[in-house]
Amino acid sequence: GQNIDQPTEMTATEGAIVQINCTYQTSGFNGLFWYQQHAGEAPTFLSYNVLDGLEEKGRFSSFLSRSKGYSYLLLKELQMKDSASYLCAVRLASGGSYIPTFGRGTSLIVHP
Amino acid sequence: DAGVIQSPRHEVTEMGQEVTLRCKPISGHNSLFWYRQTMMRGLELLIYFNNNVPIDDSGMPEDRFSAKMPNASFSTLKIQPSEPRDSAVYFCASSFSPGSNQPQHFGDGTRLSIL
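Residue numbers (this note's numbering), protein chains in the order written: chain A, 1 to 112; chain B, 1 to 115.
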């Protein structure tokens, strides 16, 4: 079966660094997305990894290890507006295509 | 770019009534997805279309749910009859072919409450 795990909730201080982990046990893996979702809003795309290694994009970076079934999202210089849910989504083979399957999300609370 | 457009934004209705949710994908995107999001179960894929054809509807909870995509710019998700346990936020998303690495773009969602 498919299983994608993320911590339910994390808290961090403004200006700090936080790492949100995602582990998966799946078949037919073909890439991993991270999305950000503010309360009451739609998920928005943050990053995509298909090869092992680190992808950096401003204050946000995402890492993937395919052999370990592991990814993390790193947020630097945290701001209050970074308080949101962060969703890990794994692309899985389905009906000849690759469809993102979402984890339950990690609710990040940034406090002053 | 107008983004993915969903309507209505909010729907409150009594159980047993028919509910129709609508979605207009981003022009040029050939894949469309319907998701349901709840606190208990997170974001669940209900059905997705590729080039207007339903490819995988294994996530549709039961026969009360149906979805159509009559053309490249419009899709509906229908619940008939509705039940209180259908209360959730329903998202529509579109992307280029799911075989690519292009991300999904989500609409603002329909917040559905069945009384």
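Think of the hints as simulated: they come from the structure by calculation, not from any bench. It is possible that some hints are incorrect.
Claimed, not checked - Taking lysine to any residue and the SDA-like style, the derived pairs with C-alpha atoms no more than 25 angstroms apart in a straight line are: (1) 24(B) x 76(A); (2) 76(A) x 103(B); (3) 81(A) x 12(B); (4) 81(A) x 24(B); (5) 78(B) x 12(B).
Against the structure, the hints:
1. 24(B) x 76(A): violated (36 angstroms)
2. 76(A) x 103(B): holds (23 angstroms)
3. 81(A) x 12(B): violated (30 angstroms)
4. 81(A) x 24(B): violated (29 angstroms)
5. 78(B) x 12(B): Measuring from Cα to Cα gives roughly 14 angstroms; hence the hint holds.
The structure fails hints 1, 3, 4 (numbered hints given earlier, in ascending order).
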